[in-house]
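Take a look at the letters that make up each chain.
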Amino acid sequence: SQTIHQWPATLVQPVGSPLSLECTVEGTSNPNLYWYRQAAGRGLQLLFYSVGIGQISSEVPQNLSASRPQDRQFILSSKKLLLSDSGFYLCAGGGALGTGELFFGEGSRLTVL
Amino acid sequence: DAKTTQPPSMDCAEGRAANLPCNHSTISGNEYVYWYRQIHSQGPQYIIHGLKNNETNEMASLIITEDRKSSTLILPHATLRDTAVYYCIVLYNQGGKLIFGQGTELSVKP
Chain B
1 SQTIHQWPAT LVQPVGSPLS LECTVEGTSN PNLYWYRQAA GRGLQLLFYS VGIGQISSEV
61 PQNLSASRPQ DRQFILSSKK LLLSDSGFYL CAGGGALGTG ELFFGEGSRL TVL
Chain U
114 DAKTTQPPSM DCAEGRAANL PCNHSTISGN EYVYWYRQIH SQGPQYIIHG LKNNETNEMA
174 SLIITEDRKS STLILPHATL RDTAVYYCIV LYNQGGKLIF GQGTELSVKP
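So the sequence lines, in the order shown, correspond to chains B and U. Note that this note's numbering gives residue 89 to position 89 of the first sequence, counting from 1, and the numbers run on in steps of one. Note that this note's numbering gives residue 126 to position 13 of the second sequence, counting from 1, and the numbers run on in steps of one.
Chain B extracted, bound-state conformation (with noise of 0.2 Å):
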């Protein structure tokens, strides 16, 4: 089965820091892959997704970036973190479009300082 490995699982920066945060899929090749935030509340917000490595979309304008180097590594960056960045991230993967379940990491909690 397909399981989603995410972290870290919580963090605590300074604002103006620089952020990673990586998330890596088995069980399955060729994924798509999700970036959510969820700042208060509920409501995931979606940021970023791919359909393969390097292909990245970005669904809102926001100071963090994403990359896809490798079939089953997301990563979420920033190279400086602004108050508003606080959140609950997550990752998610999902199978071929239209099919699948979806699979969640268990989330980063982000705080920035």
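Please note that a few of the clues may not be correct.
Selected chain B positions facing chain U (in silico; Cβ < 8 Å) [stated by the list, open to error]:
{"hint": "1", "residue": "26"}
{"hint": "2", "residue": "34"}
{"hint": "3", "residue": "43"}
{"hint": "4", "residue": "44"}
{"hint": "5", "residue": "46"}
{"hint": "6", "residue": "49"}
{"hint": "7", "residue": "88"}
{"hint": "8", "residue": "90"}
{"hint": "9", "residue": "102"}
{"hint": "10", "residue": "104"}
{"hint": "11", "residue": "105"}
{"hint": "12", "residue": "107"}
Distance condition first, Cα-Cα at most 25 Å in a straight line; then the derived SDA-like pairs of lysine to any residue [said to hold, decoys possible]:
{"hint": "13", "chain 1": "B", "residue 1": "79", "chain 2": "B", "residue 2": "63"}
{"hint": "14", "chain 1": "B", "residue 1": "79", "chain 2": "B", "residue 2": "46"}
{"hint": "15", "chain 1": "B", "residue 1": "80", "chain 2": "B", "residue 2": "29"}
{"hint": "16", "chain 1": "U", "residue 1": "182", "chain 2": "B", "residue 2": "46"}
{"hint": "17", "chain 1": "U", "residue 1": "116", "chain 2": "B", "residue 2": "40"}
{"hint": "18", "chain 1": "U", "residue 1": "116", "chain 2": "B", "residue 2": "46"}
{"hint": "19", "chain 1": "U", "residue 1": "165", "chain 2": "U", "residue 2": "118"}
{"hint": "20", "chain 1": "U", "residue 1": "116", "chain 2": "U", "residue 2": "179"}
{"hint": "21", "chain 1": "B", "residue 1": "79", "chain 2": "B", "residue 2": "40"}
{"hint": "22", "chain 1": "U", "residue 1": "165", "chain 2": "U", "residue 2": "193"}
{"hint": "23", "chain 1": "U", "residue 1": "116", "chain 2": "B", "residue 2": "57"}
{"hint": "24", "chain 1": "U", "residue 1": "116", "chain 2": "B", "residue 2": "59"}
{"hint": "25", "chain 1": "U", "residue 1": "165", "chain 2": "U", "residue 2": "215"}
{"hint": "26", "chain 1": "U", "residue 1": "116", "chain 2": "B", "residue 2": "111"}
{"hint": "27", "chain 1": "U", "residue 1": "116", "chain 2": "B", "residue 2": "38"}
{"hint": "28", "chain 1": "U", "residue 1": "222", "chain 2": "B", "residue 2": "57"}
{"hint": "29", "chain 1": "U", "residue 1": "116", "chain 2": "B", "residue 2": "58"}
{"hint": "30", "chain 1": "U", "residue 1": "116", "chain 2": "U", "residue 2": "165"}
Residues from chain B that keep clear of chain U, each with C-beta distances beyond 12 Å, as calculated [claimed, not checked]:
{"hint": "31", "residue": "6"}
{"hint": "32", "residue": "11"}
{"hint": "33", "residue": "13"}
{"hint": "34", "residue": "14"}
{"hint": "35", "residue": "16"}
{"hint": "36", "residue": "18"}
{"hint": "37", "residue": "19"}
{"hint": "38", "residue": "24"}
{"hint": "39", "residue": "70"}
{"hint": "40", "residue": "71"}
Because the hints were derived from the structure by calculation, they are not lab data. Model, not experiment: these values are computed from the prediction. Backbone N, C-alpha and C define an ideal beta-carbon position, used for all residues, glycine too.
Following the hints, put chain U in place on chain B, whose structure we already have.
Chain U in isolation, oriented as in the chain B frame:
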């Protein structure tokens, strides 16, 4: 924009069936309907998905209307542990985008 509409909150008595509705009036023929739930501060958990036929698994049943413009997730015997936010998602064929709506916060009460 999310392509699904759900009520923001619902209550259900423990042991009774919870019926969570979702509208997806712009769904196209090859798009699936997925249901997930999220317990506070955890990653979403897959529940069930379907295309046009009704589906049932050990967790829930999914009823999709014949025109596919709406669906209902049914938890047959809700327990306190079913208290969570439930998301109805339409998985697009084009571009791989997976968009969540605001979900329904289900509170199961004793």
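To see whether the hints hold, each was checked on the structure:
no.	hint	result
1	26	15 Å, violated
2	34	6 Å, holds
3	43	5 Å, holds
4	44	4 Å, holds
5	46	6 Å, holds
6	49	5 Å, holds
7	88	7 Å, holds
8	90	6 Å, holds
9	102	6 Å, holds
10	104	4 Å, holds
11	105	6 Å, holds
12	107	5 Å, holds
13	B:79 to B:63	8 Å, holds
14	B:79 to B:46	20 Å, holds
15	B:80 to B:29	32 Å, violated
16	U:182 to B:46	23 Å, holds
17	U:116 to B:40	21 Å, holds
18	U:116 to B:46	13 Å, holds
19	U:165 to U:118	18 Å, holds
20	U:116 to U:179	18 Å, holds
21	B:79 to B:40	23 Å, holds
22	U:165 to U:193	30 Å, violated
23	U:116 to B:57	19 Å, holds
24	U:116 to B:59	15 Å, holds
25	U:165 to U:215	23 Å, holds
26	U:116 to B:111	30 Å, violated
27	U:116 to B:38	18 Å, holds
28	U:222 to B:57	42 Å, violated
29	U:116 to B:58	18 Å, holds
30	U:116 to U:165	17 Å, holds
31	6	8 Å, violated
32	11	15 Å, holds
33	13	19 Å, holds
34	14	23 Å, holds
35	16	27 Å, holds
36	18	24 Å, holds
37	19	19 Å, holds
38	24	15 Å, holds
39	70	18 Å, holds
40	71	14 Å, holds
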